[in-house]
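Colleague: The lines below spell out each chain.
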Amino acid sequence: MVSDTVSTTSNGPAANQNSSIEINGLYKIFGKRPKHFMAAVKEGMTKQELQEKHGHVLGLKDINLSMQAGSIQVVMGLSGSGKSTLIRHINRLIDPTVGEVNVGGQDVCKMGTKALRDFRRHETAMVFQKFALLPHRTVINNVVYGLEVQGLPRDKQESEARRWIERVGLAGFEDNYPNQLSGGMQQRVGLARALTNDAPLLLMDEAFSALDPLIRMDMQSVLLDLQKELHKTIVFITHDVDEALRLGDRIAILRDGEIIQEGTGQNIVLEPADEYIQNFVKDVNRGRVILAESIMKQGAHPGAGAQVLVHDHLEDVARMLSDASAQAVNVANDNGQVVGHLDLETTVAAIVKQEKRHTSSDTQFTI
Amino acid sequence: MDWFTEFPAMEKSALRALKKSIDGGFRAWTREHGDTVETFFEPIKQMLIWSEKFLLNTPWPFILGGIVLIAWLASRSWKITVLTFVTMVLIGYFDMWDNTMRTISIMIVSTVVSIVLGIPIGIAMSKSDVVQRLITPILDVMQTMPGFVYLIPVVMLLGIGKVPGLLAVVIYAIPPIIRLTNLGIRMVDKEVLEAADAFGSSAWQRLKNVQIPLAMPTIMAGINQTIMMALALVVIASMIGVKGLGQPVLQAIANQYFTLGMFNGLAIVGVAIIFDRVSQAYGKRLQAHSEEVHGK
Ligand SMILES: Nc1ncnc2c1ncn2[C@@H]1O[C@H](COP(=O)(O)OP(=O)(O)OP(=O)(O)O)[C@@H](O)[C@H]1O
Ligand SMILES: [Mg+2]
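Protein sequence lines, in the order shown, are assigned to chains G and V. Residue numbering for the first sequence follows our numbering, beginning at 5 and increasing consecutively. Residue numbering for the second sequence follows our numbering, beginning at 490 and increasing consecutively.
Among these hints, one or two may not hold up.
Heads up, incomplete: computed chain V residues facing chain G, CB under 10 Å, no partners named [claimed, not checked]:
| no. | residue |
| --- | --- |
| 1 | Thr528 |
| 2 | Asp678 |
| 3 | Glu680 |
| 4 | Val681 |
| 5 | Glu683 |
| 6 | Ala687 |
| 7 | Ser690 |
| 8 | Ala692 |
| 9 | Gln694 |
| 10 | Val699 |
| 11 | Pro702 |
A short list of chain V residues far from chain G (calculated; beta carbon distances all over 10 Å) [what the hints assert, rightly or not]:
| no. | residue |
| --- | --- |
| 12 | Leu507 |
| 13 | Ile511 |
| 14 | Ser540 |
| 15 | Leu545 |
| 16 | Ile552 |
| 17 | Thr576 |
| 18 | Leu579 |
| 19 | Ile604 |
| 20 | Pro626 |
| 21 | Ala685 |
| 22 | Asp686 |
| 23 | Val758 |
The calculated label-pair distances, taken between Cβ atoms and stated as ranges, are [as the list claims (entries may be wrong)]:
| no. | chain 1 | residue 1 | chain 2 | residue 2 | range |
| --- | --- | --- | --- | --- | --- |
| 24 | V | Gln776 | G | Arg323 | 55 to 61 Å |
| 25 | V | Gln776 | G | His40 | 43 to 49 Å |
| 26 | G | Glu56 | V | Ala613 | 35 to 41 Å |
| 27 | V | Leu623 | G | Gly35 | 26 to 32 Å |
| 28 | G | Gln110 | V | Gln535 | 53 to 59 Å |
| 29 | G | Glu170 | V | Gln776 | 28 to 34 Å |
| 30 | V | Lys773 | G | Gln110 | 46 to 52 Å |
| 31 | V | Val526 | G | Cys113 | 49 to 55 Å |
| 32 | G | Gly59 | V | Gln535 | 55 to 61 Å |
Since the hints were derived computationally from the structure, they do not count as laboratory data. Every residue, glycine too, gets a C-beta built ideally from N, C-alpha and C.
Full structure from sequences and hints, please.
Modeller: Written out as C-alpha cells, the structure is:
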C-alpha cells in the first residue's frame, strides 16, 4: 500500500563505504551444548520448552533482516526478547550458533582475529545499554578510547573527543570520573565515546533509555542531524515506540527471539501483525506517523482550500485544514502535481482510529 | 591381626632405600648442575649485594629521609609518615639500624622478584582455565609446606647464603600475588571488557587499559600480603645465613636473651607495620576514582 520511506544514501553527500547489513538464518542458543538443540529448535521447539526441559536459552531464532546502508534500523521488543543479543552479533561480541551476519558484503562471523579487530576499530562504534564506561578513566579519557586504540595522535584524539563531549552537553565534565556523574550523564559519555569513533556503522543499545525526556528529545535531534550530515548505518534499540517512530526508517519487532514484524513505522502502526504489536502501538500519536499519501483519495478536490505534500504527516494536514477552515486539501507529489485529496473527516478518523482487528480473544498469541 | 592394629607400612629397608635413592639422585644432580644454577642466580645475587651495600653505606640521615619521603609520596598521609619516622628513629636509637637495613634490602629484592614473576603467572592463570587448574595445587603446596622443609633442597642446591635465603622467601611469599592477580583480572566487569572489545582493543590493549587497572586494587592487596609473608619468613631465612633482624632473634632463642629477642622482634613488627600501612594507603589512593560516588 505504501511506498518505502527509507531515506537512501543516493541523494546524500559522499556516502560512506557500503555498510549495509544482511543477517541470514541467524540462531543463537545459550548453554553448554547449543548445536545439539539446533535441530529441535528448527523443528519448532519453543523458547519455554527449551528452557524448562533442557536448560538452554533460545536467544535468537531464524533472524533474517536486511538493513540498507545509511538508514536507521530500530529494533523493538519487550525485555528479554533478544534485542541486545541481536545487536551484539553485528560486531560479533557474540558468536552465532548458526547463521551469517554480513556487513558490507563481508561475513563478520568468518573474520580472523586481525580482520575482526580492524572491522571493530574502523567500521563500528557501540553505545551500551549499561554504559560500560571505564571506571578508572575520566570522561575525556573514556571518550578518546576508540581513537586511542586506533593509535591516533593524542591531540587529534582530544580535539575530536572534546567536540563530541560538548555536543552531548557535557562540556566542563571532562575531568570527572564516571561515578561522579548521574546515570543520564554517564549514558551521554557512552554516546560521545561512540560518536567520536566516527564509524560508518553505529550500534546503539538503548542509548537514550537513561535520559530525561528533554535531554532525550535533544539527543534524538542530535542523532537525526548527524544522520542528515553523515548518513551512517545505525542500529538503534529502544523500548519507546515514540522514539522508534521518530528515529527509525524501518522498525523490527522481536518477541522471544523471533522477528514478528518488520517494516516502516507507518506499516507497523497501520497494520500491526498481531496483538503483541498492537499493544505496542496503541498509544502512538498516529497523526505524526501516518503520511498523507497513505490515506488520500484519488484526484483533486473541487473545494480544496490548501495544498499539502504526499510526505506530510496527518497532523500537519489537520492543522492545514483547520487553518484554512476548508473542507479538504489537495495532496501534491514532489513535482507539485496534485495526486489526490484529503477531507477533514477522513483525516480525523485516521488519526483517532484504533485498529480492532486483533482482540484479546485472539488466542493465537499469548504474551 | 598385626595388620589391623599396626598400619601395614612399607618395609623399613625398602623405605630407606627409596629415600636414599631420591636424596642421592638429587645430590648427584646438584653436583653436576650446581654451577649452572649458581650462574643462573648470579644477577639476583648481584642485585642483593648492591641493594644491601647501598642501604648500609649511604649515611643514615639520607636513608631515613628517603624512607620518610617514600612513605609520604605513597600514602599522602601525615599519620603514616610520622609513624614511619618515629619507628625508624626508635630502631636506630636501639642500635638495630644495620640489621634493619639488611632485612629491608632482602624484603625489597624478594618483593620485586615476586612481583616480576607473580604478576605474569597470575595473568596467564586468568587467561586460561587449564593453567589455573594446573597452578592452583602448586600454590597450595607452596603455602602449606612448612618453611623449613623447602629450605633443605634450596640449601642442597645453593648452599648457605643470600640467594638461597631469597629463594626461600620468594617461594613462600609469591602465592598471594599470583592468586590475587588471577582473581582480580577474573573479577573485571564483563560489560567493560565487552566495551573494550567493541572498540577493537588488541589483547595487549585490553590487558593494559582495562584488566590491569581494574584489577589493581586486588593486585595491590596481593603485593601487601606478599610483603607481610616475606617479613614473616625473615627469622626462618636467617637459619640459612640471611643476615638481618632474624639472626639476633635466633641467637636470643638459643641463649634465652629475652630482651634481645624482644627488641629485634619489635623491630620486625615495626618494619612490617610501615610496609603494610604505606602499601595499603598507596593501593587506596590508586582507587581515587571510586571514592567520590555520585549522590553521596
Ligand atoms: N550470556 C547469556 N547466557 C544465557 N542466556 C542469555 C545470555 N545473554 C542473554 N541471554 C538470554 O537471552 C534472552 C535475550 O536477552 P537480551 O539481553 O538480548 O534481551 P533484551 O531484549 O536486550 O532485554 P532488555 O530489554 O531487558 O535489555 C534472555 O532470555 C536472556 O536471559
Ligand atoms: Mg538489552
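Colleague: Where does the structure disagree with the numbered hints, that is, which hint numbers, in rising order?
Modeller: Of the numbered hints, 1, 21 and 22 do not hold.
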